[in-house]
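Undergrad: So the protein lines, in turn, are chains A and B. Residue numbers for the first sequence follow the numbering used here, so the first one is 1 and each next one is one higher. Residue numbers for the second sequence follow the numbering used here, so the first one is 1 and each next one is one higher.
Derived from the structure by calculation, the hints contain no laboratory data. Please note that a few of the clues may not be correct.
What the hints assert, rightly or not - Within a straight-line C-alpha distance of at most 27 Å, the following computed DSS-like cross-link-like pairs (lysine-lysine) qualify:
1. B:Lys703 / B:Lys670
2. A:Lys372 / A:Lys291
3. A:Lys333 / B:Lys703
4. A:Lys339 / B:Lys676
5. A:Lys349 / B:Lys703
6. B:Lys676 / A:Lys372
Unchecked claim - Anything over 10 Å on all C-beta distances counts as not near chain A; from chain B, calculated:
7. Asp9
8. Asp15
9. Ile18
10. Gly46
11. Ile96
12. Ala106
13. Pro113
14. Leu114
15. Trp244
16. Phe416
17. Thr455
18. Gly575
19. Met665
As the structure is a computational prediction, the values presented were derived from the model and not from experiment. Glycine is no exception: its CB is placed at the ideal position from the N, C-alpha and C atoms.
Listed here are the chains, written in short residue letters.
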Amino acid sequence: MKTVQSNARSNSYWMLLPAMLFFTLSGFAQQATPVVKPAEPSPVFSNPTFLILLVTALILMGIIISLSGTIRNLADTGRANLRKKGNSSLLSMLVLAFLLPLSSSAQEVVAVVASEPASTNYMPPAFIGGLDSWVFVFMMLTILVEVIIVFGLIRSIRQLLIGFGFQTDTSEEPVKPWINWKWLDRQLNDAVPLENEAAVMTDHEYDGIRELDNNLPPWWKYGFYFTIVFGIVYLFNYHISHSSPLQTEEYQAQMMEADSLKKAHLKEAGAIIDENNVVYLTDAASLTTAKEIYIGNCVACHGQGGEGGVGPNLTDAYWINGGGIQNVFKTLKYGVPAKGMIAWQGQIKPEAMQKLASYVLTLQGTNPANPKAPQGDIWTDVVTVPTDSLAVKTDTSKATAAMEVK
Amino acid sequence: MEVERFQYDNRTPRDFAIASIIFGLVGMLVGLYIALELVFPNLNLGLPYTSFGRLRPLHTNAVIFAFVGNGIFAGVYYSLQRLLKARMFSDALSRIHFWGWQLIIAAAAISLPLGFTSGKEYAELEWPIDIAITLIWVVFGVNMFGTIVKRRVQHLYVAIWFYIATFVTVAVLHIVNSFEYPVSFLKSYSAYAGVQDALVQWWYGHNAVAFFLTTPYLGLMYYFVPKAAGRPVYSYRLSIVHFWALIFLYIWAGPHHLLYTALPDWAQSLGVVFSLMLIAPSWGGMINGLLTLRGAWDKVREDVVLKFMVVAITAYGMSTFEGPMLSLKNVNAIAHFTDWIIAHVHIGALGWNGMLTFGMLYWLFPRFYGRELFSKKLANFHFWIATLGIMFYAIPLYWAALTQFEMWREFTSDGFLRYPNFLETVTQIIPMYALRSLGGLLYLIGFLVMIYNLTKTAFAGKFIPNESAEAAALSFAHTPAHQTGEHWHRVIERRPFQMLLLSLVVILIGGMVEMVPTFLIKNNIPTIASVQPYTPLELQGRDIYVREGCYTCHSQMIRPFRFETERYGEYSKAGEFIYDHPFQWGSKRTGPDLHREGGKYPDSWHYNHMDDPRTMSPGSIMPQYPWLLDDDLDTASTPAKIRVMMSLGVPYPQGYDKIANQDLMRQEAKITANLKESGIETLPNKEIIAMIAYLQRLGTDIKGENKIIFGQIALTKP
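Turn these sequences into a full structure, and let the hints steer you where they fit.
TA: Below, the structure is given as structure tokens:
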């Protein structure tokens, strides 16, 4: 980095402006991100994909530094006018100088974002090599910039060498190119060679612009014909022979397929939990998951501790739509749109809803601060103490209803 | 032959060039600002005028009609005179055109943030401005054709064919799409409704891309590329074939913006196949541009003007290949409503239009001011940072689009959406939005460097307002009917008015074939008996929805996919939109679809959500709308609105306009009471109440439970 700063002309410093701006912005981002859980140690550095990318970026960085060092040395030994070239590539190095530290500040942001549970009961999507996709994209773009700079530097060095007479300028000499462009031009484009251009020159002239009359490039022409044929076949296929499904048919097929998949799954997994067979869960794992769901979705209306707000108090013994696991589950699932409760069945899976309903019931009697006044009727559970363990097993719903919830 | 001396008018193209730069800066700044709003949703500072929904139309209008528009006129006024060897027909018309266009832009810049919008994408300006656009466009046409008539060159060069096609098609598009019925000085309703409105709008929208962002720029390319390269145009025949094919085929392609929507299948299919056929004609332009550089590639390495143009043409080739691919239904399913489209249009706007404009400006300014460009190095820097900016802009958005789409459609094995909460799919891509802003910032930095460079050039030189030229007069008496051995197309090149007419005929065919059946054949839009007009309060709420530009982030079109119907409900049917003047299907889902929003959430949820979305959906990036809670609803406009709707065919009972406000107030009272039950105290005459009424009605008619009796709304509790 030293080489960069020592060589940077004062007029290059404004390049740092965007860097500073972005730093400020990423600072904002950190503040703006709602941190629900304390940030865990960044997983990025233990990620192999990230390490490969980082190492690539650093190697390229090293190449750039050594190349620009070469340019500096060349320029020092050479004339003052050559120094200019060195500086122009240093200008681009500055671009990089702000890109690299950026990526590390980016990681911090990622760490914060990554530790935030999206809505907890769902796994966050796995992306490129377990790397948050935007880190990946950012690193790839950084590498791309570096590659471009390396090519630019190599070019400058070649020109410097030519300038000193260390190397002869080969650009004037006919070199056999990797790809025979002339041949390609002739074969693909059916173009008249440059030297015979006069043969296809028209007599048109507009403000000095002349027009050749080369043949239409065959690949272009036949490509055009192909798309026309494709168009006719497409229309025939959908609207005359009806051999491809139109959108509603496509949709019906999709739904039928989904239906059979669901049925197959049901056979394997057993019945889906609903308001008739739901049971009250008390295990710590379920309740912890449920608490996260609650915090993600319910606090807006029911308060952090269930004290109520827009929605009713969940900690008292009064219920508008009935207490007990089945009623609470039902309220969660279908909502009470007229009263302001959302139907959650589209957003929370039945098992998760079961956990959530259980969690809500554990709030009973917790006496949080600022409780909302009771609404609805007092709910008294019909406590039917099971006479023997067999009864509990055979009739779970009854047992649940009987659960003490105070 | 007698040689005539005359002078080219440089002032008009110079002024247009400066206007293009100024408005380009404004448009890009607004773009960067709203891009950052998606990362920091409170960036609008709680003001209505700076909220995303109002500024996004300003951004698109500024970039398309002000930056690119002025760029077109700068290039056309410069090249047309030289290609025709004649000064512009009338200096007065040139002035009127220039100032008229700038006034229109100023009117747009004021009216859009204030919320005066017709709610149709890329045609948001209200009816008085629409009329002004029409008049100024006619001025442009008269000036252009006047110049053509007094030309000193017998044949029209290919660039001018493109200018003519641009003129005639934009006129047709603008007039047909702007049929709207005024309610007041700055409020109107689109004359079309629902599916028909959507078809007309996207016929317009797509061809605004074709005939405002493409054909005039192809014309500019045909002038500036051979000029800068000093090479002859590659193939005259290719020019002919790709010109006529392009303008004929382009006009059909509009429905590809409406794939998997309620538009009839046959119209969608036409959109698909004509879009695919467009690859070759579009690429014809690219090939003719790039192959013109045969034998001049060494120049491209040195000359910054050519560098910009090569990247511009390449970007044009990329986006015109991407476009037809996006028109394939399965690809479109991914791209429609996601950021893919945003990335795609920016390859076009930043790459094709932006880079070509920059190349042109770097070519023009030294000639306007009679000196070399101030700094080639800065121009090179601009070139590189702009190219990088485009990549930093587009790549994150492509990524965001694929990520979000995968999340939208993923199901768990037990048949539930894996990400049922739409918000999760948004928060996942916010970092990509941040990266995209960085790309925009890089591009903007390059733009600022260009402004500095051009300003320095201008101040160091001396402006040449009139450039002397000479040419032999054209003697029409000697115009041959048909010379032997000449290409048959030369005939039409001598006859500008026939060319105008022929272009008009060619571009009318596609539009007519698609529109006439959609309007006239009834079974294209099957009616649904239970669909009724909006109540007066809902209508007012809908106007607020339009005013706030909700359609810029929310669609109202559920496509027939399992992952959409599971998330939003029954897919949208054509018959549900018959009273929607204008349609509000939207084209982007930054937020979820709202077509079946009605009844999904309680009134209180909407109230709190509009006040601050993050209280109801933590992490949401929707702006706050606190002003809806404070501002009074303008009920004085209700009768006029009802009357206009009735003249557009909405079946309110006779004389309903006089009693509509009674219905409105009863419905207000009902919602207010409902809110009170949830502990929210508000006066009934607030805008939020109308908004809630509209949102709660959305997409519910199809269930057949809404029994609205006009004149007796909310008289009894349901």
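Undergrad: State for each hint whether it applies.
TA: Hint by hint, here is what the structure shows:
no.: 1; hint: B:Lys703 / B:Lys670; result: holds (22 Å)
no.: 2; hint: A:Lys372 / A:Lys291; result: holds (20 Å)
no.: 3; hint: A:Lys333 / B:Lys703; result: holds (20 Å)
no.: 4; hint: A:Lys339 / B:Lys676; result: holds (11 Å)
no.: 5; hint: A:Lys349 / B:Lys703; result: holds (25 Å)
no.: 6; hint: B:Lys676 / A:Lys372; result: holds (16 Å)
no.: 7; hint: Asp9; result: holds (15 Å)
no.: 8; hint: Asp15; result: holds (21 Å)
no.: 9; hint: Ile18; result: holds (23 Å)
no.: 10; hint: Gly46; result: holds (16 Å)
no.: 11; hint: Ile96; result: holds (26 Å)
no.: 12; hint: Ala106; result: holds (30 Å)
no.: 13; hint: Pro113; result: holds (24 Å)
no.: 14; hint: Leu114; result: holds (29 Å)
no.: 15; hint: Trp244; result: holds (12 Å)
no.: 16; hint: Phe416; result: violated (5 Å)
no.: 17; hint: Thr455; result: holds (16 Å)
no.: 18; hint: Gly575; result: holds (14 Å)
no.: 19; hint: Met665; result: holds (22 Å)
In summary, the one numbered hint that this structure violates is 16.
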